[in-house]
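Number of protein chains: 2
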Amino acid sequence: MILSALLTSVGINLGLCFLFFTLYSILRKQPSNVIVYAPRLVGKSKSQGRGDFHLERLLPSPGWVKRAWEVSEEELLSTSGLDAVVFMRIFIFSLKVFISGGIIGIFFLLPVNFMGNQLSYDFSDLPNKSLDSFSISNVDEGSNRSPSIWKRFCRLWVHFSAAYVFTGVVCYLLYYEYSYISSKRVSYFYSSKPQPHQFTIVVRGIPVSSGSSTSEIVENFFKEYHHSTYFSHTVVHRTNKIQDLINEAEKLYKRLAFLKLEKFPRQKCKREGFLGFFGCKVDLLDHYEKKLEHLQDNLRVEQSSLAGKEIPAAFVSFKSRLGAAIALNIQQGVNPTEWVTEIAPEPQEVYWPFFSASFMKRWIYNLVVVVAYIALTILFLIPVVIVQGLTHLEQLEIWFPFLKGLLKLTFISQVITGYLPSLILQLFLSFVPPVMILFSSIQGYISLSQIEKSACNKVWWFTVWNIFFANVLSGTALYQVNVFLEPKNIPQVLAQGVPGQASFFIAYVVTSGWTSLSSELLRLMPLVSSFCSWLFSNIVEDFEVPSFPYHSEIPRILFFGLLGITYFFLAPLILPFLLVYYCVGYIIYRNQLLNVYAPKFETGGRFWPIVHNSMIFSLILMHIIAIGIFGLKKLPLASSFIIPLPVFTFLFNEYCRKRFLPIFQEYPTECLVKRDRADQNDPMMAEFYNKLVTAYKDPALMPVQLSWSTDRLKSPLLHDAEV
Amino acid sequence: MILSALLTSVGINLGLCFLFFTLYSILRKQPSNVIVYAPRLVGKSKSQGRGDFHLERLLPSPGWVKRAWEVSEEELLSTSGLDAVVFMRIFIFSLKVFISGGIIGIFFLLPVNFMGNQLSYDFSDLPNKSLDSFSISNVDEGSNRSPSIWKRFCRLWVHFSAAYVFTGVVCYLLYYEYSYISSKRVSYFYSSKPQPHQFTIVVRGIPVSSGSSTSEIVENFFKEYHHSTYFSHTVVHRTNKIQDLINEAEKLYKRLAFLKLEKFPRQKCKREGFLGFFGCKVDLLDHYEKKLEHLQDNLRVEQSSLAGKEIPAAFVSFKSRLGAAIALNIQQGVNPTEWVTEIAPEPQEVYWPFFSASFMKRWIYNLVVVVAYIALTILFLIPVVIVQGLTHLEQLEIWFPFLKGLLKLTFISQVITGYLPSLILQLFLSFVPPVMILFSSIQGYISLSQIEKSACNKVWWFTVWNIFFANVLSGTALYQVNVFLEPKNIPQVLAQGVPGQASFFIAYVVTSGWTSLSSELLRLMPLVSSFCSWLFSNIVEDFEVPSFPYHSEIPRILFFGLLGITYFFLAPLILPFLLVYYCVGYIIYRNQLLNVYAPKFETGGRFWPIVHNSMIFSLILMHIIAIGIFGLKKLPLASSFIIPLPVFTFLFNEYCRKRFLPIFQEYPTECLVKRDRADQNDPMMAEFYNKLVTAYKDPALMPVQLSWSTDRLKSPLLHDAEV
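Residue numbers (the UniProt record's numbering), protein chains in the order written: chain A, 1 to 723; chain B, 1 to 723.
Treat the hints with care, as some may be off.
A pair counts as met if it fits within one copy or between any two copies, since identical chains are not told apart.
Here are the simulated lysine-lysine pairs, DSSO-like style, with alpha carbons at most 30 angstroms apart [to be verified]:
| id | residue 1 | residue 2 |
| --- | --- | --- |
| 1 | K309 | K691 |
| 2 | K251 | K691 |
| 3 | K674 | K691 |
| 4 | K361 | K184 |
| 5 | K223 | K184 |
| 6 | K193 | K223 |
If you're looking for bench data, these hints aren't it; they were derived computationally from the structure.
Bound-form chain A, shown alone:
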């Protein structure tokens, strides 16, 4: 790619971003958009929308930037929880890393690269200069001996030192951040109120005997072996069917309630046929009420016949946090596949469409998911390879000869090479996170947070493989999975492939990165759907405050980190674009966390280890590429001297795993006992224990009360009138 193509791309994206930002500034002030841009505040009934019209409402204003900037970490912690704070720490960490990397890259590496003689050297035609002149490809080879002293000194040693310095900086920052977040996690635990999941574990694989019920077996076991700490238990039931019935009933009830509101008298009858346009008119109120009654009858029958649907799994609660930790950490039964214990999720985030109590089944599901994951990863290469074709116009001309004329136009060819590839890739990638969520839930995780964490990991490795490696390896025509069966050749192959893709990835940051930020801000999909529902649909859709999609956002941000770290010394030109991405992202995500997303769960910062590991992986990948590059550039000495770097990085990671990771898995005795003791004097505990007994009761088994939704339903649309 030449410089002007990059600039075109940057121009298009800057324009788009500004357009989006302006649109956002205006749209967010319209009262009808409050459920799109501030659903969270609606949920809390704090919306600031006003019904009366001002001219101000049509003018863009940057006030939201200031507000997002001014919020302190403590405020974010109190409103959005530790996970949101940890998420924002990724931006702060990345900014620190790439500011230091940028200083080295722009002031030391870029001049060295540009002054190299490997590629054509011509100042006159800057716009048509290939981006490769700014990359390491342009630096002279090591064996090139010329008489001048400055030229005799191989400039690759500058890159060599930069790799060492940068690795040192990143490791220091990683350590600092890990220690900062783990201390936050501990203090968060100390300051948290007693919560049911702290006192509870999930037990699977309860050995059922024919004589007694699961409930009795659980009670006997825990009364026998944990008699001083055991508190209560709730056996799990298979309630999918009841849940379906309840959902249907609730939906129906909402419609009914809506119809009964006087504001929409015209809606009281409707034609029965296709889309409500044909068929005979019926009284909707009557129709729905009958349907609801029928459903409720069904429900009662199902609920009463539930005794036989016990699953050999239970939530077991203890009198203290330490009691739960004891049952969790020590193997319970003699057979390790029975009485398998696990941390309980918060009651509201229990989610197990694929829950299975049997050890063997879970294991098999796990295997199935691994196989499916690998298959998907391989199949996904097909779109990636096609996208790759777009950056190589010649290839495209061979495939589609009729496009030849069109592709000769500069603008079109620039759009195609600079913009289209990453947009298509992005489209395909958007299907990946939901699939990974599905995979993780099949694996048998029992809470949303665990599923998201596992999906986050899956999406990350998927992205690395399918975006980074697939592009790098296919770009060099050396694309074979075989490469990874011959580990010896990996550095060389990467060194041949990675620098060549610099321009693609710079464009990727600009298009995919910047665009994703502005579309995140504008929330195009919810906006359109809210507009549609206002325009066409006569019945208000379910309104729910969205939760933050950590599993798709974290890997995306981490992937830009990977690009920054690996290309830091190959093509430092990528760094300014990344810095813009992180700066803008910092503001936008803060804004979204405050206004849009409400936390559905709280993992207490458990996403950080994923961030840490991905950074370590990026560093080691960078080192491997460096080994290959110095080898290719005929500087074998530097190539060997780089080898200690991945070794030390690996050891550093091992140390961090030992020093910090345990804190992210479970809380230590010290914390548990301190909290338990603090609770002893708390008069609220009696009430808490009362709640604890029923905390994990399946909502499907509670008596159905169809009243909840009306209040919530009113708020979004009737807000203007009320406030």
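Starting from the known structure of chain A, arrange chain B on it as the hints suggest.
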């Protein structure tokens, strides 16, 4: 190697074995050898030696074989502990495996191999026939299409089916054995008496503050966080110096006691100079007594100045087994590198020449050991390569041309190719186990059993690498470590190398295996040293009942298992020799466990997972070789159909890890609580708790009582007179 060379080797070894067995039958009946052949019975004062002379004493008799055979597993368990039972189960398991393997191999594979046409086919000259005619090398290739139906059916499919059947049998036996031993382990725990190590943990990395002593800090911490279960603690001191002084004093005291016995009046004075032959005569009694007094003074000074030598580590005892398990399994402090807990060893097996309380130091020591281990493994290749030269006589003739005439002699060449290589290898290998013990103790394990277990693993991998792979790869002239950097080529390289070494490994079983058994029985080294001490030395050496060297014996036996499994379908001729090895070994090791070795520790069968893993590794290695062989033999279909086999074996192993391994790591709550509850009604517990307080006191810090050794000292030599 030709058949006659193998037969020579078998002949020599059979002769040696019979000689050794006969010698053993005679020597064991001599009363003076009782400390060599039945030290254990001496230790227990049950020796059956009699002073008066019988002719019977000079005649070999097989009575010991019968006695060793008749002992039941329960008796072995009660006299030698579960570890000895598990050790003998290796033989039973191996016999089961190789009897079924032998049936398949001898009756199905061997005829197929022998009827192949790849190598010369000549019944007339059987003695000069190469052993390769009995191996898979002789089987026709897959693409060889001939008109007859029998010949058109490729005989390699027999090998293919054999691999599947054999893997199934081995996996079944592995599962059965794992489950048998884990149930033994649990019932052993139930039947064991209360022991200090069940109630105790080791805590390292105690955060020391300047204000208070380590002891106070430990007490405060555990009283605070384990107030209901904490019992007592013992802080660790640095006592190497005191221990040295005590050892010296004890040695001196023993000599003194010995001198004072009236039986040896001639020994009361001795010359001072070199070896006691020169210099002026001194009264030994006087000399030793003065020295001892001086030592004791030193000792008292050292013991009193100990306060400053506290190490931030302690043994912490709890009131119940569950209490100890809780402190063991849950992270204690907020910082995971502090308050690091670990299972306590039995008091008598605490051994830590390289003990370190600091987390970082241990970690660095571990790294150092890994590096040293790799270095040793590589350096060891040098002797292996030289030994390899001996099996290829032509190579030897090139290296040492002057040997040409000598090597022409049939007998000498047969001895050299059949016997010498494995003997030399054996000699070098005998240095390995002590070095591995040293490595493991540097790693910071704190008990003999942990050190032996870790050393056992190290020796096993060392043996596999340096005996199996080094021989296989150097034999095919394809010897490069590089092979393992190109995983794709591994099956092919192994398939080329492994069958060629069949004759070497058959000879290895006969020489190294059989000889090791008979030398184990004869105990040549202790015999010689006891004879020497009786002949030359005037002062009785320390007498100690030896403990069983699991770390050197288990890998040896497992390595023969590896040979059997990998060569099972390549050269089934190896199986009869292996069966002889295991049958004889079964008798001999039972005899030795009953008479010679006394258990120094009891791991409760923790060595079994090592056996299991090594068998799984052997199976997978066999599969990889099969993939390569079928590829080489132009039967790619079989080669692909073998691939599921290692995958299933791997999954089977994963299942076993989940199903059985946890039981071998720690006891489950169920067991702990049951035992604790049983103890509550035991009147002996008060006494036990009294002992528990001082159980882990460093013996170096106790008041020195130099009386212990005299009783022990008397027993071996004065036994005849007493009994």
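Tell me, which hint numbers fail for this structure?
none
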